[in-house]
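Protein chains: 4
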Amino acid sequence: MDRPLSSSAERRIRESFSRQGFMKKLGARIVSLGAGTCELAVDFDESLTQQHGYFHAGVTATIADNACGYAAYSLMPENSTVLTTEFKINLLAPATGPRLVARGRVIKPGRTLVIAQADVFSVSGAGETLVATMLATEICLKDKEDR
Amino acid sequence: MDRPLSSSAERRIRESFSRQGFMKKLGARIVSLGAGTCELAVDFDESLTQQHGYFHAGVTATIADNACGYAAYSLMPENSTVLTTEFKINLLAPATGPRLVARGRVIKPGRTLVIAQADVFSVSGAGETLVATMLATEICLKDKEDR
Amino acid sequence: MDRPLSSSAERRIRESFSRQGFMKKLGARIVSLGAGTCELAVDFDESLTQQHGYFHAGVTATIADNACGYAAYSLMPENSTVLTTEFKINLLAPATGPRLVARGRVIKPGRTLVIAQADVFSVSGAGETLVATMLATEICLKDKEDR
Amino acid sequence: MDRPLSSSAERRIRESFSRQGFMKKLGARIVSLGAGTCELAVDFDESLTQQHGYFHAGVTATIADNACGYAAYSLMPENSTVLTTEFKINLLAPATGPRLVARGRVIKPGRTLVIAQADVFSVSGAGETLVATMLATEICLKDKEDR
Numbered sequence: 572m573d574r575p576l577s578s579s580a581e582r583r584i585r586e587s588f589s590r591q592g593f594m595k596k597l598g599a600r601i602v603s604l605g606a607g608t609c610e611l612a613v614d615f616d617e618s619l620t621q622q623h624g625y626f627h628a629g630v631t632a633t634i635a636d637n638a639c640g641y642a643a644y645s646l647m648p649e650n651s652t653v654l655t656t657e658f659k660i661n662l663l664a665p666a667t668g669p670r671l672v673a674r675g676r677v678i679k680p681g682r683t684l685v686i687a688q689a690d691v692f693s694v695s696g697a698g699e700t701l702v703a704t705m706l707a708t709e710i711c712l713k714d715k716e717d718r
Numbered sequence: 572m573d574r575p576l577s578s579s580a581e582r583r584i585r586e587s588f589s590r591q592g593f594m595k596k597l598g599a600r601i602v603s604l605g606a607g608t609c610e611l612a613v614d615f616d617e618s619l620t621q622q623h624g625y626f627h628a629g630v631t632a633t634i635a636d637n638a639c640g641y642a643a644y645s646l647m648p649e650n651s652t653v654l655t656t657e658f659k660i661n662l663l664a665p666a667t668g669p670r671l672v673a674r675g676r677v678i679k680p681g682r683t684l685v686i687a688q689a690d691v692f693s694v695s696g697a698g699e700t701l702v703a704t705m706l707a708t709e710i711c712l713k714d715k716e717d718r
Numbered sequence: 572m573d574r575p576l577s578s579s580a581e582r583r584i585r586e587s588f589s590r591q592g593f594m595k596k597l598g599a600r601i602v603s604l605g606a607g608t609c610e611l612a613v614d615f616d617e618s619l620t621q622q623h624g625y626f627h628a629g630v631t632a633t634i635a636d637n638a639c640g641y642a643a644y645s646l647m648p649e650n651s652t653v654l655t656t657e658f659k660i661n662l663l664a665p666a667t668g669p670r671l672v673a674r675g676r677v678i679k680p681g682r683t684l685v686i687a688q689a690d691v692f693s694v695s696g697a698g699e700t701l702v703a704t705m706l707a708t709e710i711c712l713k714d715k716e717d718r
Numbered sequence: 572m573d574r575p576l577s578s579s580a581e582r583r584i585r586e587s588f589s590r591q592g593f594m595k596k597l598g599a600r601i602v603s604l605g606a607g608t609c610e611l612a613v614d615f616d617e618s619l620t621q622q623h624g625y626f627h628a629g630v631t632a633t634i635a636d637n638a639c640g641y642a643a644y645s646l647m648p649e650n651s652t653v654l655t656t657e658f659k660i661n662l663l664a665p666a667t668g669p670r671l672v673a674r675g676r677v678i679k680p681g682r683t684l685v686i687a688q689a690d691v692f693s694v695s696g697a698g699e700t701l702v703a704t705m706l707a708t709e710i711c712l713k714d715k716e717d718r
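Chains as they are written, first to last, in my numbering: chain A, 572 to 718; chain B, 572 to 718; chain C, 572 to 718; chain D, 572 to 718.
Worth flagging that the hints you see were computed from the coordinates, not collected in a lab.
Since we're looking at a predicted model, the values are computed, not measured.
Any given hint could be a false lead.
The list treats identical chains as interchangeable, and a pair is accepted whether it falls inside one copy or across any two copies.
Below, computed lysine-lysine pairings styled on DSS-like, alpha-carbon distance capped at 27 Å [stated by the list, open to error]:
hint : residue 1 : residue 2
1    : K679      : K713
2    : K595      : K679
3    : K715      : K595
4    : K679      : K596
5    : K679      : K715
In isolation and in its complexed conformation, chain A is listed as follows (with noise of 0.2 Å):
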């Protein structure tokens, strides 16, 4: 369950998020946010595919990415921007449709470094299966807008 969040920080991820031109054309969308948390999915289409006709891994990774990075957002201070540093991602089985989702969480919070998970899973009608996970390390940039 999302702790709540300050409608100050969760209208700063969801501009951050409108400014991803990158969002846009995976057809992406936020779920819901909380402190430290962020669910995003995306549906499925043939545009998103790789050679077998599954998710490609690159929307897996960056739908997880997202959810990492905006879960740790969601902890940093206004007038701060967010940039993920690295990332790993173990595939775990084939990310098939209709619907994509990730789900980040802080697993560690930080002034400058903020360590967040995100788990993938594929849902359906017939329940969820996990796809993929992913340890990310995001870093908080001061002063700086996230623009």
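Mind docking chains B, C and D on chain A? Use the hints.
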């Protein structure tokens, strides 16, 4: 310098690449292929950006992942297919345009697992800047079609 | 809570552990074993430190690696052995004494590759602090003795 | 070829290394230091093994981590200290004796974060074999003593 690739291996990789809907969506293309190497490129577009206007880390990761995957696939037998099982990427500098180039190479071949590394460069008239590096594990699935 | 382990699997793991000269050198011990889980511990000693007097990251990584490896091995068939192919560790806080505990669990079993995660805690009378987390890939080598 | 290091930076690294109890325990030593590079070595001993009699992955990771850390530290200012925040290692081949050598180099310097890579080789009279490669993030803590 790339070591030459057999024409059948080259055809196999190009066909696999062309079946990836996500490559088309990104406008990514194969620059060169060799035995154990693969270079891919993608041009800057507003639709590929993160919130500061650089290439999204997801784009950087996607082409690095594919450069590793096809570098590995170039050494795999006919009638096999390739999957990425995990990768780690360090993002070293802002990924600016006008072009992003990923150069993948096999650092350890193997019958089941192939380990590859890719460096990603931001390329402009002024030269090249290293913006990311990836270490990836690719698995060879034998007697399985790449579609 | 650990799921119970067959006595033959438990014997196999304990014998493997006892053949690792490095475990003896570190003074590491098995705290508990289950089907898909493994907990290891090591006590603080001056000979295990980095330059600031904390446990060296190499010690943290070693017991996390083994906790992942034996969690994975617990699910592998008789007459097989296990090797780590890669791992990634995020160091979250100084690893202080008096004791370091690594708790490994399988997050994705598989016939060839098993993915595991380990959390490492600094344990004292005052409680536990998460000091590191690891994601690892373990490979099952069939028809091969674990020695 | 190593770029030369100032004598004060070299002294700072050698003192830091000598304060690491774990280096003494492993019998590890500095082979060479440069500006942005560090080479370490450790000799085979039964007390450093995993269950098959090779060097334990924890030993490989430890010297690779230190080679990255001191390569990074060589570029950091006086009156600072270094910590590893994360690393990823791919284990490529059995780490056999009689000697293991880790060669670290900075791939991206920075004021706060320094990214380094280390290759680890098994060295014998017959030559060298690459047995592992690591990508690591090092953080510079300013105005903090390295003890």
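>> At most 27 Å between CA atoms: does that hold for K715 and K595 within a copy, between copies, both, or neither?
In response: Only inside one copy: K715 and K595 sit 24 Å apart there, 35 Å across copies, limit 27 Å.
>> If the cut is 27 Å between Cα atoms, do K679 and K713 qualify within a copy, between copies, both or neither?
In response: both (18 Å within a copy, 21 Å between copies)
> Are the CA atoms of K679 and K715 at most 27 Å apart within a copy, between copies, both, or neither?
Replying inline: both (22 Å within a copy, 22 Å between copies)
>> For K595 and K679, with the copy left unspecified, which applies at a CA distance of at most 27 Å: within, between, both, or neither?
In response: neither (29 Å within a copy, 31 Å between copies)
>> If the cut is 27 Å between Cα atoms, do K679 and K596 qualify within a copy, between copies, both or neither?
In response: neither (31 Å within a copy, 31 Å between copies)
Comparing the model with each numbered hint stated earlier shows that hints 2 and 4 do not hold.
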